[in-house]
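Visitor: So the chains spell out like this:
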Amino acid sequence: MLIDFPILSLIVFLPLLGAVVTVLVGVSPRAARGIALVFSLIVLALSTVTLFGFLLPQSVALSAAQDGFYAVERATWVDLAEFRIQYLLGVDELSAVLVFLNALLTPLALAISWDERHRVPEFFAMFLFMEATINGVFLSLDLFLFIIFWEVGLVPMYFIIAVWGGPRKKYAAIKFFMYTFLASLPLLVAIFAFVFYGGSFDMIRILRDAPVPVGVISELMFVGLIVSFGTKLPTWPLHTWLPDAHVEAPTGGSVILAGILLKLGGYGLIRFNAQMILLPEFQADPGSEAALRMIGYLAVLGIVSILYGAFVCLAQNDLKRLVAFSSVSHMGFVTLGIAAGVYGAQIAGSEPGALLGLSGAVFQLFAHGLVSASLFMLAGSIGHKIGTRNISDLGGIAKRVPSLATFLMIAFLASLGLPGLVGFVAEFATFLGVYAAFGLWVFVPIVSVVITAAYYIWAMQRALFGPLNPRWEGMADLHRFEVAPLAVLTASFAVFGIFPVFFLEVITRWARDILGV
Amino acid sequence: VVDIVVFPHILSIVVWLPFAGSVAVFMLGRTQRLARNLALAVSLAETILVSVLLLSFFDLPETVALLGPLIPDAPPTPPPNIPLYYVDRVPWVPQLGWSYIVGVDGLSLPLLWLTPLLTTLSVVFHWRETVRPRAFFGLLLFLQFSLAGVFVALDFFLFAVFWELVLIPMFFLIGIWGGPNRRYAALKFLVYTHVGYVIMLVSIFYLWLVESPAANAAVYGSSTITTDMTAFLHVAVRHGTNSLVPYILPAVQVPVFLGFLFAFIVKLPSFPVHTWLPDAHVEAPTAGSVLLAGVLLKMGGYGIFRINFGIFPDAARELWWILAILGIVSMVYAAFVCLAQRDLKRLIAYSSVGHMGFVLLGAATLTPIGAVGGVFQLFNHGLITAILFMLAGSVKHSTGTRDIPSLQGLGRAMPQFSLVLIIGFFASLGLPGLNSFWSEFMVFLGTYSASNLSDLRRIVFIPLLSIVVTAAYYVYTMQRILFGELPKELGQPHDLPSYERVSYVVLVALILFVGIFPIPFLSLMDVFVRQSLPWLGGP
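Chains as they are written, first to last, in the working numbering: chain P, 1 to 517; chain G, 1 to 539.
Take the hints with a grain of salt, since some may be wrong.
With a cut-off of at most 27 Å between alpha-carbon atoms, the simulated DSSO-like pairs for lysine-lysine come out as follows [what the hints assert, rightly or not]:
(1) G:396 / P:170
(2) P:385 / P:399
(3) P:385 / P:170
(4) G:188 / P:170
(5) G:396 / G:488
(6) G:188 / G:396
Treat the hints as calculated values from the structure; they're not laboratory data.
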């Protein structure tokens with residue numbers, strides 16, 4: 001099957017169209033939900049086709065390949081002498097995986113919000129709007145287009161928190177908005193620098209020509225971009241907006257926030273920091289001290305985030321806060337994995353490990369997207385049913401709500417990296433990469449796995465087992481609309497945990513291309 | 001050059017039609033209905049006329065058939081010249097060198113287009129104006145006439161006349177239809193701008209009496225004194241591209257440049273001469289605010305590009321840092337002041353000061369991209385600020401207050417108003433994808449890439465921080481106005497009346513359209529910057 005229609009434009013703009021249609025046509029909540037779900041499923045189908053273009057290239061062929069990107073769509077938008085902006089979309093293995101994740105989680109987030117009562121059409125439209133902007137970030141290859149989607153994406157999430165959030169929603173919403181808006185400034189300056197030195201907004205050209213002069217400028221840009229993408233990821237010490245945003249966000253909002261929005265940071269670190277600055281720097285001078293320092297920044301931030309997130313989790317009582325901080329810890333693996341991958345590729349003999357490190361980082365983005373989505377659905381559901389998410393208030397609810405408890409248990413186990421589930425593959429690959437690049441430092445993240453296991457199992461014990469807290473005698477188990485998305489996610493843990501080769505092969509091939517080993 | 005324009009005096013028609021309309025309203029507008037319908041008809045006709053002019057710049061076959069091909073006015077001496085179109089020349093007082101000269105180019109046309117557009121929307125917005133409607137609509141048309149005159153006048157004398165004429169209708173609009181403190185505000189407005197005007201006159205007199213014979217001789221071959229701006233513009237561009245062409249000495253350019261600059265930054269306004277603006281806005285009626293912020297302020301930006309940059313290239317190269325400092329201070333200062341405002345109109349007024357700072361910074365970069373961004377910012381701010389001041393008018397109308405802390409919960413009570421407010425605020429804070437992001441981005445990119453001024457590259461962070469503060473005050477204000485429970489004191493506010501909705505729909509559509517397709521306007525401005533200020537970006 002040859003894909004010769006503008007599939008990427010459809011992936012980006014169909015959700016937007018869906019959002020408009022949902023608001024205009026969805027007069028009844030029922031109609032709005034149905035329309036939104038149909039649109040998100042069409043986008044899921046399209047992004048699955050795109051992914052198959054990489055998994056099974058012999059049966060699905062993406063047209064218009066250029067420098068490692070496929071299905072490239074190019075049109076002039078603004079054409080002044082020094083200000084040439086294109087409408088430029090393209091997909092590679094990295095973005096295909098993340099777009100697929102986005103397209104998968106959006107219908108699930110819609111499903112988990114099925115009982116929303118307040119301003120239903122607008123609520124569902126916001127999710128589609130969100131999906132469109134995130135797909136836009138992953139797929140746009142023009143810096144101007146990129147920054148548009150990057151910043152416009154704040155708007156729907158702001159409203160999701162501010163209008164449909166919990167009691168402190170106003171505070172959380174403006175904190176989210178201001179934090180991420182402030183953090184996008186260094187990105188803006190870095191874009192000015194890319195344009196100034198490269199004379200073009202075209203990311204394909206920037207990736208190919210590496211126009212940024214090595215040395216101080218590239219190091220400054222690197223640090224600025226870490227601030228921008230590290231806030232989104234988030235990495236310690238830029239993470240403080242995350243717990244507030246999660247605690248106040250409605251369940252569906254948390255799912256998207258943790259499941260995909262954070263991945264924008266990881267994507268940026270790989271696409272900009274690693275591919276546009278760090279790797280060219282190493283290519284220009286394999287022993288570059290600036291490049292080594294950059295590796296150092298990433299590695300230190302990764303390690304601190306991993307440990308800090310894990311230790312803070314030990315002290316959390318609110319289930320959503322717990323999962324939020326565990327996200328900080330898990331995203332630390334991404335930062336560390338990128339550092340290990342890029343650095344390992346420079347050391348003779350450790351190239352296979354390096355490939356695993358970078359692939360592990362990408363796979364971790366994907367795995368964490370699935371697992372945290374499930375965790376936030378469950379945390380939201382508990383809060384919804386009994387009005388509290390405090391672990392200390394729960395107790396023994398496994399007896400009352402067996403299916404909720406089962407899903408929660410599996411999600412906890414997946415998140416702590418139980419072999420056979422999806423998180424294990426990502427973390428294990430990252431460990432191998434870290435070992436290959438940094439040697440025995442690998443013990444630091446391994447220690448964190450122990451802590452992670454501790455807090456999850458402890459939380460599980462207190463919340464699910466033991467004597468039932470009599471207050472929750474009447475707690476209802478999961479509703480059908482909750483079981484459906486959770487079942488899909490839980491099945492995906494197993495599928496991608498047992499057969500990671502599908503993905504891992506594609507990602508490793510991509511890693512080999514960009515690392516040049 | 002053969003004049004094959006079908007409408008030979010179309011630009012003069014553009015200028016004098018609203019004057020005739022104003023006189024007609026004063027004479028015939030006996031009832032409110034009659035006055036407003038007449039005003040609407042005239043401003044709408046004017047909008048259509050200027051739209052045709054605008055379209056003619058894109059070389060469409062239809063406009064070529066109607067107006068003939070677009071041919072710039074050419075002086076008898078060899079190029080380079082700056083291209084000016086639809087030029088009308090009539091000698092007026094030849095002994096003194098005064099003429100009636102009008103013409104447009106890519107700088108003035110977008111602003112000229114904003115003038116009738118915003119006037120029309122203001123008339124619609126005031127559809128139910130009952131206080132002395134005849135005078136109100138008559139003055140609006142008169143204001144439109146004088147504003148159009150400022151943007152097209154290419155003779156210093158004519159320019160000064162129109163510049164001063166603008167004050168009169170605005171003075172009365174604030175003084176008669178304004179709020180409780182209107183007299184003070186109207187007088188302050190008049191005094192500030194008049195002082196600026198007088199200083200500008202000194203510069204004009206100097207150019208006229210001392211420098212004009214040389215310029216006139218170089219371009220038109222006659223060494224009499226003249227107030228013909230085009231003589232200076234043509235010779236300046238020759239001098240700017242080739243410094244061997246003799247022109248006003250740089251040491252002389254500097255003080256004359258500063259005289260003009262003072263008048264323009266009062267009008268723009270820029271810190272520290274901006275203090276008339278918040279008062280004028282708070283007291284002015286909605287239409288007054290819309291035209292004041294939407295078009296009147298643009299006279300300052302227009303003057304900087306037309307006269308400071310168009311006539312004094314050497315001084316501009318020398319004094320860019322003044323513009324940069326004024327621009328950056330305005331942006332940062334205004335953003336912080338906005339954080340502390342309670343009155344929605346004051347907030348918007350101060351935000352205008354910040355947004356006009358972009359214009360100064362864009363000019364200061366001395367790069368084509370920065371200059372295009374600055375000119376585009378003038379246009380974009382005109383559209384956005386019009387919407388914002390209308391919103392302030394609507395909320396006052398509906399709830400009786402503009403005090404932000406006492407407004408709450410309007411999201412549920414006034415959903416249409418809220419939607420427009422969200423779009424307007426996000427457009428004004430420069431959300432990517434909406435129109436002002438383009439201009440702000442270009443100004444920053446120009447600042448960053450100002451290669452002959454490498455210091456600016458580091459400064460770019462300061463104004464960038466101001467956009468964060470801007471985002472903060474807009475989002476914070478939006479949050480306070482829209483969310484929460486409606487307080488009892490506000491009663492039951494009604495949503496937008498149908499005539500207000502018309503104005504909003506047009507403006508929102510334009511904001512979205514320009515955000516997605518900026519090219520028609522950008523290319524006009526780009527051509528202007530490249531052809532009329534070709535020395536920008538040079539060493």
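Visitor: Each of the hints needs a verdict: does it hold here or not?
Guide: These are the hints, each one checked on the structure:
Using a Cα cut-off of 27 Å, the hinted pair residue 396 of chain G and residue 170 of chain P holds, with the two alpha carbons roughly 24 Å apart. As the CA atoms of residue 385 of chain P and residue 399 of chain P are separated by approximately 15 Å, the hinted pair is consistent with the 27 Å bound. For the proposed pair residue 385 of chain P and residue 170 of chain P, the alpha carbon gap of about 23 Å is at most 27 Å, so the pair holds. The straight-line distance between the Cα atoms of residue 188 of chain G and residue 170 of chain P is roughly 40 Å, outside the 27 Å bound, and the hint therefore fails.
Annotation: proposed proximity of residue 396 of chain G to residue 488 of chain G holds, straight-line Cα distance about 16 Å (limit 27 Å). Simply put, residue 188 of chain G and residue 396 of chain G have alpha-carbon atoms about 24 Å apart, close enough for the 27 Å limit, and the pair holds.
Checked against the numbered hints above, the structure violates only hint 4.
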